[in-house]
Amino acid sequence: GAVVSQHPSWVICKSGTSVKIECRSLDFQATTMFWYRQFPKQSLMLMATSNEGSKATYEQGVEKDKFLINHASLTLSTLTVTSAHPEDSSFYICSNSRRTGGATDTQYFGPGTRLTVL
Amino acid sequence: AQSVTQPDIHITVSEGASLELRCNYSYGATPYLFWYVQSPGQGLQLLLKYFSGDTLVQGIKGFEAEFKRSQSSFNLRKPSVHWSDAAEYFCAVGRGSTLGRLYFGRGTQLTVWP
Chain A
1 GAVVSQHPSW VICKSGTSVK IECRSLDFQA TTMFWYRQFP KQSLMLMATS
51 NEGSKATYEQ GVEKDKFLIN HASLTLSTLT VTSAHPEDSS FYICSNSRRT
101 GGATDTQYFG PGTRLTVL
Chain B
1 AQSVTQPDIH ITVSEGASLE LRCNYSYGAT PYLFWYVQSP GQGLQLLLKY
51 FSGDTLVQGI KGFEAEFKRS QSSFNLRKPS VHWSDAAEYF CAVGRGSTLG
101 RLYFGRGTQL TVWP
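Line order of the protein sequences matches chains A and B. Just so we're aligned: 6 in this note's numbering is position 6 of the first sequence, and the numbers increase by one with no gaps anywhere. Just so we're aligned: 47 in this note's numbering is position 47 of the second sequence, and the numbers increase by one with no gaps anywhere.
Since the hints were made in silico from the structure, they are not lab data. Please read these numbers as outputs of a predicted model, since none were measured by experiment. We put the beta carbon where it would ideally sit given N, CA and C, even for glycine. There's no promise every hint is true.
Pairwise CB distance ranges (calculated) [as the list claims (entries may be wrong)]:
#1 P40/B to S83/A: 27 to 33 Å
#2 S15/A to T111/B: 34 to 40 Å
#3 I12/A to S3/B: 19 to 25 Å
#4 T111/B to S73/A: 37 to 43 Å
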C-alpha cells in the first residue's frame with residue numbers, strides 16, 4: 001500500500017492566489033520530508049528539505065517566501081505556493097525518510113500534485 | 001557540481017527483448033546511486049540502489065544495474081522486457097549526508113511494443 005499520500009492530486013487556481021499541498025507519511029513517523037518539483041518531460045528538482053519542528057532547508061534558487069513549508073507533525077508536511085503565477089505550474093512531489101542520514105534509508109515518494117495556475 | 005545524465009529521452013523495445021537504460025553521473029565523492037520508475041498516477045518506485053560493495057546490483061521486477069566507476073556509469077538492464085515495464089525511468093544520485101536529497105536525471109521514457 002501507499003506509504004506517502006498527497007492532497008490534492010491536482011489543483012487549478014487563479015494567478016495571485018495561494019495553494020496548499022499536503023504530504024502525509026502513512027506508515028511511519030517521518031522526521032524528514034522532501035519536496036520536489038517536476039516540469040513536463042523533465043527531471044525532478046529538489047526544492048527543500050522539511051524537518052519536523054524546525055525550519056525547512058531550501059535548495060539554492062528556491063524562494064523560501066514563495067514556497068512555504070511547514071512540518072508541524074511527524075506525519076504531515078505542507079507546501080504552500082504563495083501568490084501563484086503561471087510559471088509555478090508544475091508537478092509537486094514529496095518524499096519521506098524514516099530518519100535523517102544513513103546509507104540504508106529508503107525514500108518513499110508520494111503520487112504528486114499537479115498544479116495549474118491560470 | 002553533481003549531475004546525472006540520461007542520454008536517451010525515449011526508448012522503444014519489443015516485448016521479450018533485452019533492455020539497457022544508460023545513466024552517467026558526475027559527483028565528487030563516492031556516489032549513492034538509484035534507479036526509480038514512475039508510472040502515471042503513482043509515486044516513484046525504487047527499483048534498486050547502490051551504496052558500496054558488489055558493483056552489480058539486483059533490484060525488483062527483474063532489473064539489475066552495474067556500477068562502473070571508471071566510466072561514471074550506472075546502467076539499468078533487464079534481460080526480457082514485459083509490456084508492464086512501460087514507464088518513465090529515472091536515475092538519481094544521492095547528495096549530502098541525507099539521502100532524500102536526490103539529484104535526478106531527466107528520465108527515459110520506455111515504450112514496449114507487443
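Here is how each hint holds up against the structure:
For P40/B and S83/A, the hinted distance range of 27 to 33 Å is satisfied, since their beta carbons lie about 30 Å from each other. For S15/A paired with T111/B, a C-beta distance near 36 Å keeps the hint of 34 to 40 Å intact. Distance hint for I12/A and S3/B: a CB-CB separation of about 34 Å, inconsistent with the stated range 19 to 25 Å. A C-beta distance of roughly 42 Å is found between T111/B and S73/A, which places it inside the suggested range of 37 to 43 Å.
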